[in-house]
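A.B. asks: Residue numbers (the numbering used here), protein chains in the order written: chain A, 1456 to 1731; chain B, 15 to 279.
Please note: incorrect hints may appear among the correct ones.
[What the hints assert, rightly or not] In silico DMTMM-like pairs for lysine to aspartate or glutamate, Cα to Cα no more than 25 Å straight-line:
(1) B/K231 <-> A/D1630
(2) A/K1584 <-> A/D1630
(3) B/K231 <-> A/D1626
(4) B/K143 <-> A/D1630
(5) A/K1672 <-> B/D185
(6) B/K165 <-> B/D41
Please keep in mind that the hints were generated in silico from the structure rather than gathered at the bench.
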Amino acid sequence: MRFDGRCVLVTGATSGIGAATAKTFAAEGASVVITGRNAERAATVIAEGSGKAGSIVFIAADLRDENAYEPLIAEATDRLGRLDVLVNNAGILHWAGSLETTPEQWAEAMAVNVNAPFFLSRAAARLMKAQGGGAIVNVSSELGLYADSGTTSYCTTKGAVVQLTRAMALDFAADNVRVNCVCPGRTLTPLLVGAMTQWGVSLEEGLARRREWMPMKRIAEADEIARVIMFLASDDASFVTGATLSADGGTSIAGPGGAASDRQSGAAPGGSGAGA
Amino acid sequence: MNFEGKAVLVTGGATGIGKATAMAFSDAGARVLTASRDAERGAAFAEEMRAAGRNIEFVACDLRDDGAPEALIAEAVRRLGRLDVLFNNAGIHHRFGTLETTNAHWAETMALNVGAVFMCSREAAAVMKDQGGGAIVNMASDLGIFAEPEKVSYCTSKAAVVQMTKAMALDLAPHNIRVIAIAPGDTFTPMIEHKIRTLGLSLEDGLRWLSAPVAMKRLAETEEIARAVLFLASDDASYVTGTTLSVDGGTTASGPGGQRPAAED
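Bound conformation, chain A alone (with noise of 0.2 Å):
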């Protein structure tokens, strides 16, 4: 298998994409840490992924805690022994424009989304360095590639960590250590059903609506997410460092209108004109 005897660290793996990418690292081979704050979710993580060719262990990790970042990679690598695969998931969303964001949200979605890739990434690759090579995968959002209103605080760490990704993977490049980042569009994970519950939409409701504008008509499941990821941190992208790659069914790729054409919106039907 393709993580056979590789050691991986997926934080913020208690749920949605961190816990796909959790399982389905252990399902091919791979011996696995998973940080978060939930032990009891931890605990399902743990239930559902092992048993099958690799290993789950959780180490509680609070990542808004700058000092928390060195201690979880030298404790995960000593559980582990090694650390070949470092998956910096963690993430958190405030909805908040940008005069409802508050000092402390600021901060949090800073220390977690931006600081914690950062110092994280950077005691591993020390690690892989000396180890003769590793990969860092870093989740972004299609939130770092484009903005959405009300979320101020989030697409700016996102975007962040698209820049991180490319910086940090000329420092190591020459090390074998590969740096890369995922951009996932909308996936069906409890944040995504958290907002809507939090707005007073059923999913059934709140899918539907998005399904008008989505290229692809449907949301990710964290499953699709989570084999990007597994390629990214696999032998199969041994040339691919710096590299942010779109997993988003095509909404950063299409304009503000999504993907209804004019011919839909019913201002223009097929044909040709002088061009703008």
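Start from chain A and add chain B according to the hints.
C.D. replies: Coordinates of chain B only, in the frame set by chain A:
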């Protein structure tokens, strides 16, 4: 990645990246048809593949000819019975600056690197739509993202491929057809070897010179590009469409100074 039962067409498939990709698809269980305008090399390639027990067929085809894309897709369906993956790999690279590029250079580059990619994709998409889905992978280049001097037609055509990929992805998403581009950096192919010889360099010196600005300090092997193409064409990439994947050892991530630390400037 498993392509058992899948039918794959690779253009420009008798050498370099195309050849490596055809072999990788075949190793993953696919039935593969490759096309190339060089009938002699193609025949030798087909014989080599047959001898190795690989399920790879060859058809001679010059995609610059009127009607060739349409005929090629029809031939692929005739031979393979269906079409699940199209890899638009064929391309031409004229190394001339703006003042030296002739109308013929320009027309040929646009015809092969842009026109034929569109026409092959359109014809393939019609087949894939009826089948219920498929994947089209377009060969872009790091020179479709940033530019280099004295390659104006190539840079322009590859940027067109990046944008065409987005536009086609939106048109074809409702039909469960994904369209993705790959943007390799310099890859160790016969084309690169030829370039090094043309410059009067030894292979070793030439590779060192070409690797200098690459963050990973080496060129890609054709197999590394092939594995990225397989991923993009596979069900592992089921939510990936319209985007361009750089497989360039960090070249696009760096500025014009390449991997030189700023402190050395």
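A.B. asks: Keeping to a limit of 25 Å between CA atoms, is the pair of B/K231 and A/D1626 held or broken?
C.D. replies: 12 Å, holds
A.B. asks: Holds or violated: B/K231 with A/D1630, Cα cutoff 25 Å?
C.D. replies: Satisfied, since the Cα-Cα distance of roughly 10 Å is no more than 25 Å.
A.B. asks: CA of A/K1672 to CA of B/D185, is that 25 Å or under?
C.D. replies: 12 Å, holds
A.B. asks: Can the restraint linking B/K165 and B/D41 be considered satisfied, given a maximum Cα separation of 25 Å?
C.D. replies: 35 Å, violated
A.B. asks: Are the Cα positions of A/K1584 and A/D1630 separated by 25 Å at most?
C.D. replies: Roughly 6 Å between the alpha carbons, so the hint for A/K1584 and A/D1630 holds.
A.B. asks: Can you confirm whether the C-alpha distance between B/K143 and A/D1630 stays at or below 25 Å?
C.D. replies: 45 Å, violated
Checked against the numbered hints given earlier, this structure breaks hints 4, 6; the rest are met.
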